[in-house]
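Mind docking chain B on chain A? Use the hints.
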Amino acid sequence: MTKMVETLRARYGYALVVLRGLVKTDFRLRYQGSFLGIAWSVLKPLMLFCVMYVVFAKFLRMSDGTPTYPVVLLLGISSWQFVTESAGVGLRSVVDRGDLLRKIHFPNYIVVVSATMGALISYAINLVVVLVFALFSGVQFTWRVALLPLSIIELYAVTLGLTLIMATMYVYFRDIAHIWEVLQQLIFYAMPIIYPLSYVTDRGGLLATLARLELLNPIAQSIQDIRHNFIAPETQPTVWNQFDNWALRLLPVVLTVIILVLGVYLFRRNSKRFAEVM
Amino acid sequence: MAGNNGAVVRDEREIAAEQFARNYAKAPVVLSASHVSKAFKLPTEQATGLKQAFINWTRGIKGYKMQQVLKDISFEVHQGEFFGIVGRNGGGKSTLLKLISQIYYPEHGEIHVSGKLVPFIELGVGFNPELTGRENVYLNGALLGFTTEQIDAMYDDIVEFAELGEFMDQKLKNYSSGMQVRLAFSVAIKAQGDILVLDEVLAVGDEAFQRKCSDFFTEIKKDPTKTVILVTHDMGSVKKYCTRAMMIADGEVVAMGDPESVSQKYTLANLEAERKLEKERQDARGGYPNGLNERCPLLRTVACEQKVYTADDTFRFYVEYQFDEPGDFYLAIALHDIRRGGITYDTGAKVLRMKRHGHQKVYFEMPLNLFNDGEFRLVTSLRTPSPTNPDFADMVAVAIESNACTFVIRDPHCRDSYALLNDSALTITPENADEVEVVPPRSAAKK
Chain A
15 MTKMVETLRA RYGYALVVLR GLVKTDFRLR YQGSFLGIAW SVLKPLMLFC
65 VMYVVFAKFL RMSDGTPTYP VVLLLGISSW QFVTESAGVG LRSVVDRGDL
115 LRKIHFPNYI VVVSATMGAL ISYAINLVVV LVFALFSGVQ FTWRVALLPL
165 SIIELYAVTL GLTLIMATMY VYFRDIAHIW EVLQQLIFYA MPIIYPLSYV
215 TDRGGLLATL ARLELLNPIA QSIQDIRHNF IAPETQPTVW NQFDNWALRL
265 LPVVLTVIIL VLGVYLFRRN SKRFAEVM
Chain B
528 MAGNNGAVVR DEREIAAEQF ARNYAKAPVV LSASHVSKAF KLPTEQATGL
578 KQAFINWTRG IKGYKMQQVL KDISFEVHQG EFFGIVGRNG GGKSTLLKLI
628 SQIYYPEHGE IHVSGKLVPF IELGVGFNPE LTGRENVYLN GALLGFTTEQ
678 IDAMYDDIVE FAELGEFMDQ KLKNYSSGMQ VRLAFSVAIK AQGDILVLDE
728 VLAVGDEAFQ RKCSDFFTEI KKDPTKTVIL VTHDMGSVKK YCTRAMMIAD
778 GEVVAMGDPE SVSQKYTLAN LEAERKLEKE RQDARGGYPN GLNERCPLLR
828 TVACEQKVYT ADDTFRFYVE YQFDEPGDFY LAIALHDIRR GGITYDTGAK
878 VLRMKRHGHQ KVYFEMPLNL FNDGEFRLVT SLRTPSPTNP DFADMVAVAI
928 ESNACTFVIR DPHCRDSYAL LNDSALTITP ENADEVEVVP PRSAAKK
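Residue numbers (our numbering), protein chains in the order written: chain A, 15 to 292; chain B, 528 to 974.
Same shape as in the complex, but just chain A (with noise of 0.2 Å):
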């Protein structure tokens, strides 16, 4: 057991102190000279969360009917804004950082795990400020939340496996920026994120069965896990109350799994050409 330790410090701890330096320093950075320094990261939710709410919840009157929604709204933003950050900072991240690249030798896939680990705490923090709204929604919570750690590397599996993909074209191909932002509007409308999916399935008829299908987006089923877990089990709809068939339920995961493999896959078939090429 130790000597498995050993190899596995032998082998990522260098991996690991450039990561933790290049996250810290990132961090440290984000609200540099600000008057309120780091408070802006849980102030920025907060307020961000109060705009929405207000729009959502007090003007559009979105709502699948439960007290609970206004929350559930917001644990799906935040989710997705994980998603974006990090794959909008990670996409670039190899080029940005190719002035390290060109001189230095370490494991060039940090860059790409940095940004997603930045997005990762600025995540856990909007999950925090999550949690605190949900206390005074007086949300019930049940045995499942003990399943969110699960549906939270999931959503991160994908993400970075997304992240490693884009990263790795935008070294040849800037377009990818451009052709991303408009496939995450996409994405975004195509999952029952700001709609809750009854708005959908309940008219009936062939898009309500077609519908159903977004569930089978993986991040779209983590968020919905994610949302089923921590806060609403009753109201909202996942992969596993919507479809019987296993094939069918299991297809989110494995999509996850492929998804990150390949981009593992193509980054480090890639990286050693990094330096050359930028």
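Since the hints were made in silico from the structure, they are not lab data.
Quick caveat, the model's predicted, so the values are computed rather than measured.
Honestly, I wouldn't trust all of these hints.
Mimicking BS3-like on lysine-lysine, the simulated pairs with C-alpha atoms at most 25 Å apart in a straight line are [unchecked claim]:
#1 B:K592 x A:K286
#2 A:K17 x B:K643
#3 B:K598 x A:K286
#4 B:K806 x B:K792
#5 B:K766 x B:K717
#6 B:K888 x B:K877
#7 B:K698 x A:K38
#8 B:K553 x B:K766
#9 B:K766 x B:K739
#10 B:K553 x B:K767
#11 B:K717 x B:K749
#12 B:K739 x B:K717
#13 B:K767 x B:K753
#14 B:K568 x A:K286
#15 B:K700 x B:K717
#16 B:K643 x A:K286
#17 B:K598 x B:K803
#18 B:K553 x B:K753
#19 A:K38 x B:K700
#20 B:K643 x B:K553
#21 A:K38 x B:K717
Computed from the model, here is a short list of chain A residues facing chain B with C-beta under 8 Å [as the list claims (entries may be wrong)]:
#22 V31
#23 V32
#24 R42
#25 H119
#26 E290
To list a few chain B residues with every Cβ distance to chain A over 12 Å, as calculated [to be verified]:
#27 Q791
#28 E799
#29 A800
#30 K806
#31 D855
#32 F919
#33 I936
#34 S944
#35 D950
#36 N959
Glycine is no exception: its CB is placed at the ideal position from the N, C-alpha and C atoms.
Coordinates of chain B only, in the frame set by chain A:
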């Protein structure tokens, strides 16, 4: 007495280092490159977008050409060596360094490194102006692969060497550029790696700091556990620090061995390249070479023997000319000191009167025993008597650029190439031997 003792110990260590330099092959190999080749794609099209890539693909344009930068390089560096890599610009030195540092990967061949290699392709990698000096040291250290505890251990050393104690909690953007470089360099050389890879970083900081660095190199040279690989253009530092050196030209190893002979080869190659360039320029001009004209279409100074001279040699050369106008004419030869500048000697305008017209070769010789090491150039001009001034001769043509003759003196007994004249040419002696004891210089003692 104590000082005397110290000197003795120092000498012993120096002797040990010298012995080691001879016995380097017995130490284990820490870095080996075998048959390493590297080529780069040079884009010929501006293709950084999907659209252009697609258009190129449909038209079957590759969009790049291959540039072979390194060809079949093999060498080994043993533990404790101070290994110099020299070569002209564009010869592939930096690429080799990046291959050693694993930033690039070789196409063919292999590079093996054992021990912790700390590369300094550039100083202060990852330095961020918004962070404090202290934070930057830790970040830079982390990038070089040191844990926080390891950096804690060397932090004081780094700060002391950089002489920035009171500024460490200031943001880097408030540092002067000299201070930034000092900090970066201190991290570089205080970092406790087994193999240090340095790319022309010696020329930083003020004189005092450079002296400190020089001391550090002398010190690390004596440490048999530390290996240093130094890429530089400065032959002075190669000779001063390196135990062995390698010269790369056009992607190939052209010389390897003791620093003295490698640096001589480098000096010769540089002169050769200069001459080639001048020849190209002249060809491009078409007509007469620079300095010549229709009255005198040929005038050049050529050394009889292409080699590195010592002060014991006599420099023999000939002047070849073509001059058909009747009447007296003269050759005037001036000796230029390339590095120190100035004209060391001139024959005078109306001294060497030529007896033969037409196409001729005239041989001359010149002793070199007065000079220290240096690079010299002989410039010959062809002159006719001035109609107005009987003491002077007007210049008809001059043999400059590729027509001039360049030579190099490298004398093993040369104590210091700073001055032009050596000890046998000039000595300063005290008038009163009671006041001054003349201690013979060390190299003279060896003689």
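To see whether the hints hold, each was checked on the structure:
Distance check on the hinted pair: K592 (chain B) and K286 (chain A) sit about 20 Å apart at the alpha-carbon level, within 25 Å; holds. Between K17 (chain A) and K643 (chain B) the alpha-carbon distance is near 21 Å, which keeps this suggested pair within the 25 Å criterion. A C-alpha spacing of about 20 Å is found between K598 (chain B) and K286 (chain A), which places the hinted pair at or below 25 Å, so the restraint holds. With a C-alpha separation of about 21 Å, the suggested pairing of K806 (chain B) with K792 (chain B) holds against the 25 Å cut-off.
Between the alpha carbons of K766 (chain B) and K717 (chain B) the distance comes to roughly 23 Å, so the proposed pair stays at or under 25 Å and holds. Proposed proximity of K888 (chain B) and K877 (chain B) is supported: the alpha carbons are some 19 Å apart, at most 25 Å. Distance restraint check for K698 (chain B) and K38 (chain A): the Cα-Cα separation of roughly 16 Å lies within the 25 Å cut-off, and the hinted pair is therefore satisfied. For the suggested pair K553 (chain B) and K766 (chain B), the alpha carbons sit about 22 Å apart, so the restraint of at most 25 Å is met.
Under the criterion of a C-alpha separation no larger than 25 Å, the hint pairing K766 (chain B) with K739 (chain B) is consistent with the structure, at around 18 Å. For a cut-off of 25 Å, the pair hint linking K553 (chain B) to K767 (chain B) stands: about 22 Å separates their Cα positions. In summary, the hint linking K717 (chain B) to K749 (chain B) is supported, as the alpha carbons are separated by about 16 Å, within the 25 Å threshold. Of the pairs offered as hints, the one joining K739 (chain B) and K717 (chain B) holds, with about 12 Å between alpha carbons and a cut-off of 25 Å not exceeded.
Using a Cα cut-off of 25 Å, the hinted pair K767 (chain B) and K753 (chain B) holds, with the two alpha carbons roughly 17 Å apart. As the CA atoms of K568 (chain B) and K286 (chain A) are separated by approximately 14 Å, the hinted pair is consistent with the 25 Å bound. Our distance criterion of 25 Å between C-alpha atoms is met by K700 (chain B) and K717 (chain B), whose separation comes to about 23 Å. Simply put, K643 (chain B) and K286 (chain A) have alpha-carbon atoms about 20 Å apart, close enough for the 25 Å limit, and the pair holds.
Distance hint between K598 (chain B) and K803 (chain B) is fulfilled; the C-alpha atoms sit about 23 Å from each other, no more than 25 Å. Taking the CA atoms of K553 (chain B) and K753 (chain B), the gap is near 15 Å; set against the 25 Å cutoff, the hint holds. With a C-alpha separation of about 19 Å, the suggested pair K38 (chain A) and K700 (chain B) falls inside the 25 Å cut-off, and the hint holds. For the given pair, K643 (chain B) sits about 21 Å from K553 (chain B) by alpha-carbon distance, which is consistent with the 25 Å threshold.
Restraint check for K38 (chain A) and K717 (chain B): satisfied, since their Cα atoms lie roughly 23 Å apart, inside the 25 Å limit. The beta carbon of V31 (chain A) comes within 5 Å of a beta carbon in chain B, closer than 8 Å, and the hint placing it at the interface holds. A hinted interface residue such as V32 (chain A) counts as satisfied when its beta carbon comes closer than 8 Å to some beta carbon of chain B; here the least separation is about 6 Å, so the hint holds. Checking R42 (chain A) against chain B: minimum C-beta separation of about 7 Å stays under 8 Å; hint holds.
Below 8 Å, beta-carbon pairs count as interface contacts, and H119 (chain A) has one with chain B at about 4 Å; its hint therefore holds. Annotation: E290 (chain A) was flagged as interfacial toward chain B, and the flag holds, the nearest CB pair being 6 Å apart, inside 8 Å. For Q791 (chain B), the shortest C-beta to C-beta distance to chain A comes to about 32 Å, beyond the 12 Å cut-off, and the non-interface label holds. Against chain A, the non-interface label of E799 (chain B) holds: every CB pair exceeds 12 Å, the least being about 31 Å.
A800 (chain B), annotated as away from the interface, keeps every beta carbon of chain A farther than 12 Å; the closest lies near 27 Å. Chain A leaves K806 (chain B) outside its interface by the beta-carbon criterion, the shortest separation being 35 Å against a cut-off of 12 Å. Listed as outside the interface, D855 (chain B) is consistent with that label: its C-beta sits roughly 65 Å from the nearest C-beta of chain A, beyond the 12 Å cut-off. For F919 (chain B), the condition that its CB be more than 12 Å from all CB atoms of chain A holds, with the nearest at approximately 60 Å.
Every C-beta of chain A lies more than 12 Å from that of I936 (chain B), the closest at about 40 Å, which supports listing it as non-interface. S944 (chain B), annotated as away from the interface, keeps every beta carbon of chain A farther than 12 Å; the closest lies near 35 Å. At roughly 47 Å from the closest C-beta of chain A, the C-beta of D950 (chain B) stays outside 12 Å, upholding its exclusion from the interface. For N959 (chain B), the requirement that its beta carbon stay farther than 12 Å from each beta carbon of chain A is met, with the minimum near 61 Å.
Checked against the numbered hints given earlier, this structure breaks none of them.
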